[in-house]
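Undergrad: Take the given structure of chain R and dock chain F to it, following the hints.
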Amino acid sequence: MPSKAIAAPVPTLGPPEGRGPSTRPVQRRTAPTVWRGGGLFHFSGVYALAVLIIVFAIVDSPYFLTSPTLKSILATSAIGGMVAVGAVVPFSTGMLDIQFGNVAGFALVLMTWLSLNSGLNDGVLALITIAASTAFGLASGLIVAYLRVSSLVVTLGMGTLALGCCYLAISARTAEADLSSWFSDIGRKTYGPLPLPVILLALLASLVHVWLEHTASGRRFRLVGSNPEAARMAGIDVARTQTIALTFSSFVAGVAGVIWTAQLGFGNSINGSNLLFPAISAVLLGSTQVRHRINVPGTVLAVLIIQTAVTGFNLHEGGTAAWPANAFSGVLLLAAVSIVAWNGRRQLRLAAQQAAEPSDAANRV
Amino acid sequence: MRSTARARTAGLTRFSGLYVLAIVVLVFWRLLRPGVWVSSQNVSVILSEASVVGLLAVAAVIPLSASLLDISFANVAGFAMGLTAYLALHTGWNTWLIGALAVAASAGFGLLSGLLVAVLELPSLIVTLGVSSVALAATQYLLDGQTLYPRARLAPSFLSLGTGQWGPIPIATFVLAGIGLAAWAWIEHTPSGRRLLALGGNANAARLAGVRSFRYQVLCLTLSATLSGIGGVVLLATIGTADDVSASGYLLPVIAAVFLGSTQIKSRFNVAGTFVGVILIQTGIHGIELKGFDQWVNYVFDGAVLIVAVIVSRRSSKYAF
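Protein sequence lines, in the order shown, are assigned to chains R and F.
Taken in order, the first sequence gives residues 1246 to 1610; the numbers are from our numbering.
Taken in order, the second sequence gives residues 141 to 461; the numbers are from our numbering.
With the rest of the complex left out, here is chain R:
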């Protein structure tokens, strides 16, 4: 029973199917009708972003609307955005992945460590790093899918193993990487106002979006996420799909970590842990945007909102405190899911008033 309770489908805001009759799915399923009113809820994040930009532009008029600020927002969003986009895949597949932050941190540390301790070309090092990072996801995926245990706990454990590897390599100090200039350019080069990592993020997001939404193989992941039993009966290899999803997320985290090394030029063991909460918040916040489920454009939008708020706030306060990132991602997440749930309830009440028998209205869905 314990594992079963936790192995329940990822709590998204979409209808939690496959849980048997309950009052919850009924309320959620009615929600989209309200959303259709002018796209207000589909794209509330875009409005929120616009409001944030206007507010910060007025409050910090000479500084906020400048190209360095834009670059700073985009460059800081890039790595967090990549790992969040990678995490969209396991989350869509009905799994919780909380290792990707530490896996990205592992890639950062391993790349840094290898650059100091081996004479190989940086390109080779990047490949080794990405392969090692992917191995964490593969291990989690195999355990979760074939031994059927809770993804939350397995990825928590695997993430800690990754953190242990970071401390094994460079312990608690900050290590300066020894990188060739072409490699550092990957993280630092800009094209107009766009830093290269952001272009890579856009590329990655487009690929993952097209894969998940517009190809048969991608839709299988979503089907496994929404109803594993139906997916199995439709001939989908559920365990393999789950394994691939977790592996993919770690692969992306590895790539992001390598680019992060190029961007920062140094590595610290705790860096990766700071990616986790904002990225998960972005994925869940994104599920209230654009589509009524976890999706790539919503996630990227959420990352940009959180980062704009944090950068604008820090600019105003004149500091680089750590707390605004956590505060904004937490508050925005709670606010977004509450608004969506509240609308679902309002819709249910309206439906109940219209129907002759309120309880019947619930049963019909």
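There are no misleading hints in this set.
Partial selection, computed: residues in chain R whose CB lies under 10 Å from chain F:
#1 I1388
#2 L1413
#3 S1416
#4 P1523
Part of the chain F face toward chain R, derived, beta carbon under 7 Å:
#5 G270
#6 L276
#7 V440
#8 D442
Hints in this document: simulated from the structure, not taken from any laboratory.
Ideal Cβ placement from N, Cα and C applies to all residues, glycine included.
TA: Relative to chain R, chain F alone:
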């Protein structure tokens, strides 16, 4: 079927943790000089560290009994720790009053989670994730990236909560024992505790049987945050300093202990089994520290124990169904 399966394994699954514990103690006892490992001093250190982990583990077990996942306990504990230290340095108030305020403020986070889960029927994981971020942000705001050293401003009676001993047993362990006993008695032996378990077993069936799920969801998330707050305050009394990362480090050992505990004594989350898990993990960690290994061994041990625990718990839970 369930009872026969249990009888056949001769308690091996139900109490495997105790066997493993015995092996761990023996192994470390062999590795180290005799007398170093099994000394009352070591027992005190293990118990002292286990007290905070144990308090947070009880905090996690209560909502898990109702199938609510609360992952905010570590950051809420960190918040209580930070707030107590901050108020001790910036006000002249009585330390116990400050501690009580910090626990009350922590309970506020739990009340918020509970209301969001119960009123809006949001998944507890998402809510506690958000609340956890907010609690961490509040701690970071208070501490401003610094480590606070409020030891000199804390009352001696308060510090003895973390460092004092009655005989070889730390006072914090008595606090834990009292709270753990109360939680165990409540969940296992009172009608309201059984309703909580019923809610955890099958929420719809429990609701149809007349259990007021709203009340229990708010109650157990608030209780969880309150106990986390107490854990954070005890942690401050133990180590005497506060920063914004040390409490987050408890997330993993606690979850490992709770999942390990769900394989012990009963095939579900339970307080007594959790204590076996806590003692097992703390003994292992302390053995590693005694051997003088680096920090990384700790993380690898934690991660590996958690993964093995959850695999074992999945295996053994087939007895429950």
